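Each chain, written out:
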Amino acid sequence: MASRNLPPRIIKETQRLLSEPAPGISASPSEENMRYFNVMILGPTQSPYEGGVFKLELFLPEEYPMAPPKVRFLTKIYHPNIDKLGRICLDILKDKWSPALQIRTVLLSIQALLSAPNPDDPLSDNIAKHWKTNEAEAVETAKEWTRLYASGA
Amino acid sequence: MDSEDDMHDAHDVESLDDDFYSGDTPMGSEDGDAEYDFVDNESEDSEDVTSHRQQQSYTILSVSDIRQRQEEDIHRVSTVLSISRVAACVLLRHYKWSVSRVHDEWFADEENVRKVVGLLEKPVEMPNARELPCGICFESYSSNEMTAAACGHPFCSACWRGYVGTAISDGPGCLMLRCPDPSCGVAVGEDMIRMLASDEDKQKYSRYLLRSYIEDNRKTKWCPAPGCEFAVEFVMGSSSYDVTCNCSYSFCWNCTEEAHRPVDCATVAKWILKNCAESENMNWILANSKPCPKCKRPIEKNQGCMHITCTPPCKFEFCWLCLGAWSEHGERTGGFYACNRYEAAKQEGAYDESERRREMAKNSLERYTHYYERWATNQSSRQKALADLHSMQNEKLEKLSDRQSQPESQLKFIIEAWLQIVECRRVLKWTYAYGYYLLENEYAKRQFFEYLQGEAEAGLERLHQCAEKELQVYLEAEAPTKDFNYFRTKLAGLTSVTRNYFENLVRALETGLRDVGPSGNQANANKNTSPKSLLGGKGGKSGKAKVIGTSSRSGDEAWTMATIGLASTAPTRTRGRQTCARCANSTGRFGLCCLLLCD
Ligand SMILES: [Zn+2]
Ligand SMILES: [Zn+2]
Ligand SMILES: [Zn+2]
Ligand SMILES: [Zn+2]
Ligand SMILES: [Zn+2]
Ligand SMILES: [Zn+2]
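So the protein sequences, as listed, match chains W and F. Numbering of the first sequence is given in UniProt numbering, commencing with residue 1 and proceeding in unit increments. Numbering of the second sequence is given in UniProt numbering, commencing with residue 1 and proceeding in unit increments.
Hints in this document: simulated from the structure, not taken from any laboratory. Keep in mind that this is a model prediction, so the values were computed, not measured. Honestly, I wouldn't trust all of these hints.
For lysine to any residue, the following SDA-like pairs were computed, each having C-alpha atoms within a straight-line distance of at most 20 Å [to be verified]:
1. W:143 / W:102
2. W:70 / F:170
3. W:96 / F:202
4. W:94 / F:364
5. W:96 / F:184
6. W:70 / F:147
7. W:12 / F:139
8. W:94 / F:82
9. F:202 / F:147
10. W:94 / F:139
11. W:94 / F:165
12. W:96 / F:166
13. W:96 / F:182
Whole structure, please, built from the sequences with the hints as guidance.
Pasting the structure below:
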């Protein structure tokens, strides 16, 4: 599908994502649908996800930028704010969305969430509990999952 | 017009009132001057009603009342804090429309309040450039095509309109709209909305603002009746949650279910849930027809009271609830109303486990059915009474005034009677939910409760029948009827008696009948418990009823009262009739003549 009906803002965002990617993040639109992005985020250093390559999908709904993009992890990840289906608990993807935010800011926020898990605002109760009762062990599991599922092979 | 039996019925209610509630009416009645007492009673009652209405614990607000109050509050804050109307509105919204809270917070720490709600002390100008980039569509525009909130963050008008429109269609959150810039929290107030929103959206916004004034305030709620636009302001700490809206709907301010005194909110929620779960089993109850117990033809219930007369030629009179003959109603239980009571079939002999379980399941459904049917029937009876009340107000009263040559102002007692019936049907209905959840093992309580409920049922039946059927005669009369004044006295008397009875019943049930001891405790209960202290609330005072009553009620204690330790002071149910101590008339169940008719 061509970019014919795309608002100029989306075209500009896409061009900038491709020409000046944020460190550790890549996002490229799919051939068939310019509103659908294949995303890769590198696990931040000094986090349990270090060394992992995480695949995500990002979709810009018709109302974008008045409505937030829809984002989800495709790679399995052990994280208190991300559930089995890869859905992410992040305020700017919900009520804190503002049309002045962008794809880039969303992906940077997700990257930051990997560095700083927040078990007090969990999406996955079990993992959050694990994190709160035995953080060291939870971090080990996260590392283990990173090795198993996000080794980028 | 009345058979002797009917007269007795009226006697019963009046005497019942006297007996139970003389403690409530501090009259000099030890001398037993019945007629004087009655008159006294009446004026006492009307005073009661007025004072009741004056100390109402709530205020009904119309949409224009609400707008006016809201405007006044905004104006007050704007004046006291010397800020714009729009800023005052933002502040009040944030602090849930509490003027005092706004003042407190503001004068304690204005700077912090400004930060929290997004109000700048001085507006910031937009960047001074010929062309500015819009942070939403990423296009550039000349600065006169750009708009900004007080913070000066520029966005093009098209993006602003999209932003505001999206927020309004997302719901009441639009009342707390902030600048789209993610690093900025400046409030976007009503002035911006007026400038940027479509007409339709402006209306929605102002509707949200109005709703917020009611919904975010702890002291106000909307009337839950469908389509009703009134709101209710409640005085916190009032003793009763019952509220009657100007649309005539009564509801509980606490849980917003329909009014449900004397049952508490938790029980109501349980009961409603139970009814939902059982609704398939219970549909047949809501069907409005039953076979006549005598001729088996289906009879439709098209009236409010439970006394049903089959169509000619059968004309069998029976009770809608228990299908027993009306003439014997109560007789088989020793002269009092007992069709409210559920008695599980007694099972004898040995059962195997599965049989017993099946039997128990059947019993529990039967028990529920018993209470549900009475609950539901009183509900539909109430609906019927409401409809009758309206037709009375809208047409019949005029007709009656015509037929009986009475000014309509002299016929208010009929409206009062119907209002009372509507209210009592509601209370009676909820006593069945109350009864359902009374514990099986609280034997004494259950006995006493069923006794009180039975009396309430019987009293209300009489009032309902009088207003429904006896009135008919006067409506259809060709010329003014001589005994219309008699009818007036009777209906007004029944209304007042029934009102007192139900008010006291509600109070007694609300205190959980806590004065009733367990049945093993008879000796104590005998000394300390009387229906007066239970029902009168104020206790202490002994009225004439007791004085008259003691002589006639010494020996013949009804078994239920004896078992619950109320024998000495309970209104004694006697088998058969007795003689009134004053007029030598045959008396009602309590050995007391009806004061109303004894002259
Ligand atoms: Zn724009
Ligand atoms: Zn701003
Ligand atoms: Zn209403
Ligand atoms: Zn309630
Ligand atoms: Zn019949
Ligand atoms: Zn009956």
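Comparing the hints with the structure gives:
no.: 1; hint: W:143 / W:102; verdict: 30 Å, violated
no.: 2; hint: W:70 / F:170; verdict: 17 Å, holds
no.: 3; hint: W:96 / F:202; verdict: 23 Å, violated
no.: 4; hint: W:94 / F:364; verdict: 49 Å, violated
no.: 5; hint: W:96 / F:184; verdict: 12 Å, holds
no.: 6; hint: W:70 / F:147; verdict: 29 Å, violated
no.: 7; hint: W:12 / F:139; verdict: 10 Å, holds
no.: 8; hint: W:94 / F:82; verdict: 36 Å, violated
no.: 9; hint: F:202 / F:147; verdict: 18 Å, holds
no.: 10; hint: W:94 / F:139; verdict: 25 Å, violated
no.: 11; hint: W:94 / F:165; verdict: 17 Å, holds
no.: 12; hint: W:96 / F:166; verdict: 14 Å, holds
no.: 13; hint: W:96 / F:182; verdict: 9 Å, holds
Comparing the model with each earlier hint shows violations of hints 1, 3, 4, 6, 8 and 10; every other hint is respected.
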